[in-house]
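S.K.: Spelled out from the first residue to the last, the chains are:
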Amino acid sequence: MRAYVEGVGLLGPGLPGWDPSRPVLTGEVPFRSAEAVIGASELLPAAERRRTPVPVKLALAVGQEAFRNAGREASATATVFTSSSGEGETLHHMCETLASVEREVSPTRFHNSVHNAAAGYWSIATRCREASTSLCAYDASFGAGLIEAVVQVVASADAVALIAYDQPYPEPLHSVRPILGCFGVAFLLTPEPTSRACAALEVALLPTEERPTRMAETGLEAMRRGIPAARALPLLATLARKTREGIVLEFLSGTSLRIEVRPC
Amino acid sequence: MQPLVISRFAGVNSLGIGSEAAARALREGRSGLVSGNFETARFETCIGPVEGLDGYRIREDLRDFDCRNNRLAQLCLEQDGFVAGVAAARETYGAGRIGVFLGTSTAGLHSTELAYRSRDPQTGALPADYRYAETQNTYSLGAFARRYLGLTGPGFVVSSACSSTAKVFGNAARMIAAGVCDAAVVGGADTLCLMTLYGFQSLGLTSRHPCRPFDAERDGISIGEGAGFALLERADRARPGAMLLLGVGESSDAYHMSTPHPEGLGARMAMERALASAGLEPRDIDYINLHGTATKSNDASEDRAGFELFGPHTPCSSTKGATGHLLGAAGVTEAIICLLAIGHGMMPGGVNTRRVDPALRSHYLLENRYQKVSRVLTNSFGFGGSNCSLVLGAAR
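As they're listed, the protein sequences go chains A and B.
Residue numbering for the first sequence follows the working numbering, starting at 1 and increasing by one per position.
Residue numbering for the second sequence follows the working numbering, starting at 1 and increasing by one per position.
I should point out that these hints are in silico values taken from the structure, not numbers from a laboratory.
Treat each hint with caution, since some may be false.
Unchecked claim - These stretches of chain B come out as covered by chain A in the derived footprint (C-beta under 8 Å, 3 or more residues):
#	region
1	242-256
2	260-270
3	286-295
4	371-385
Backbone N, C-alpha and C define an ideal beta-carbon position, used for all residues, glycine too.
Modelling step: build the complete structure from the supplied sequences, incorporating the hints.
M.R.: Here it is, written out as structure tokens:
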């Protein structure tokens with residue numbers, strides 16, 4: 001299955017956007033880990049900006065960057081959101097409240113707790129009525145989103161935006177599910193090459209669990225292993241190098257994804 | 001889209017264990033809703049619980065997955081010859097060629113609610129036997145079902161609130177069309193938990209009475225729990241009468257996180273797209289199973305969208321007065337009810353609803369209607385403005 005990459009968005013530790021991160025991913029500039037700075041999204045009305053949870057802001061930021069790089073209108077594009085952790089901070093606060101005597105649940109927090117909160121805010125912010133889905137496959141969540149997005153590109157013969165993101169849980173959940181940092185990545189995928197296309201991806205599901213492609217740089221490799229959404233790093237590095245390469249991304253047990261990347 | 005055969009389906013909810021139990025209850029006009037609340041929840045409401053989950057045992061090799069949601073999933077997988085159907089498909093296609101695309105809104109969240117009540121008083125740590133990956137993570141349901149059924153194909157869990165298990169029919173259809181797999185298990189489970197009960201109460205959306213969809217006096221939802229699974233295969237060799245997935249339509253409201261678009265724009269778009277995907281016109285649909293949650297705003301916006309598209313004659317009803325709102329499991333449960341409607345030649349009348357709101361213009365059924373049912377449409381709409389409609393039918 002083939003799709004073309006028309007735009008990329010990226011925000012992670014030491015990776016402040018796709019353009020500034022490319023020399024880090026190619027090794028021209030040394031990687032220095034620094035917590036990702038996730039600003040309020042100008043896509044949202046002022047009243048909404050303050051109360052949107054971090055994963056929503058993260059997803060909106062990388063999604064917006066990918067559309068900006070692609071020069072494409074977000075309001076007409078279907079979306080695939082994927083996250084292993086979802087709305088972890090909101091979940092934590094809800095569970096604390098429910099373990100208390102009063103159980104005074106905040107209605108805003110409740111509607112922000114759904115796994116598709118980012119998708120909901122995105123559609124409101126971009127006025128996009130196209131289809132949107134919100135996936136989870138634990139550590140394989142990025143692979144799940146990628147295969148779903150590429151299948152949608154093929155099925156619809158139209159552009160699809162893939163937005164993957166994770167935020168660490170607060171304690172006590174962090175101890176049982178450690179996620180190293182905030183990481184978001186977005187790809188705008190199209191069925192045909194456009195003037196902005198940077199690469200063609202040929203994606204295949206393998207019926208075997210192959211060893212996933214690793215990052216040569218140890219800090220980036222720790223990030224790849226430590227944040228489910230950062231399983232996208234080998235793909236990002238290949239796109240940054242602008243070379244023709246085949247890589248393997250982790251998927252569900254007993255499977256993997258093979259991606260042939262061809263620059264264009 | 002290319003139609004797919006629904007070769008097996010299984011359901012469990014407050015109407016009973018196994019999908020025929022639901023057919024019997026609907027025939028009798030019986031509701032599974034009871035006055036009371038779940039676990040330690042103490043406000044006045046009605047719920048639709050599945051009996052027997054507390055003492056139910058998860059298969060020994062999968063005991064790490066033990067939680068209310070996976071218990072309900074396993075109980076459902078054991079019904080209606082579903083495991084045998086999957087085993088036959090595994091023989092035909094191979095375990096790696098069958099996808100598992102499931103939906104849930106809260107997975108095993110109740111395990112985390114209980115764990116937060118048992119935190120270490122000194123360190124705040126969760127109890128040592130708490131299992132995040134197998135119970136709390138949204139994918140826990142998918143990992144459990146994939147292992148329970150011995151399948152190794154592609155998969156993931158869709159969690160788009162109350163449209164989740166409708167949307168998975170679309171995921172499976174696309175994956176099969178793209179050749180990523182040859183067959184797929186779809187569906188999912190959602191169980192009662194404190195977060196959804198107190199959450200919907202905080203929004204003022206839970207009723208103290210058994211919910212009354214489309215009633216003039218409707219005043220909110222009744223939350224239920226349930227699971228449903230369906231096995232989808234290519235329809236090349238569909239026998240006459242075989243159940244088919246004919247169309248899927250998806251859209252977003254782009255309006256509000258927890259309130260539907262007042263004019264039903266997103267809902268209408270999902271229905272139009274489902275019809276287009278099936279190559280059908282509104283007049284081809286015999287019956288509509290509404291999302292019909294019994295909130296003022298949902299029913300009004302869904303009625304408007306449905307009336308504008310179908311007019312005043314297409315019979316429709318919500319079965320949530322019987323099952324309660326199964327949240328993430330509503331989509332597959334109501335798809336199964338539609339298959340039962342086709343199989344039994346019965347359009348279920350809305351249970352609990354006494355007087356249809358005169359402001360609503362759709363042709364809402366209050367009594368069961370017995371006649372041939374060939375093509376049906378079912379709606380599922382969720383928080384975040386996530387909409388999905390399915391068209392189902394019988395092969396000619």
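S.K.: State for each hint whether it applies.
M.R.: Here's how the hints hold up against the structure:
1. 242-256: holds (count 7)
2. 260-270: Answer holds; 3 residues pass the 8 Å Cβ test.
3. 286-295: violated (count 0)
4. 371-385: holds (count 4)
The structure does not agree with numbered hint 3 stated previously, though it agrees with all others.
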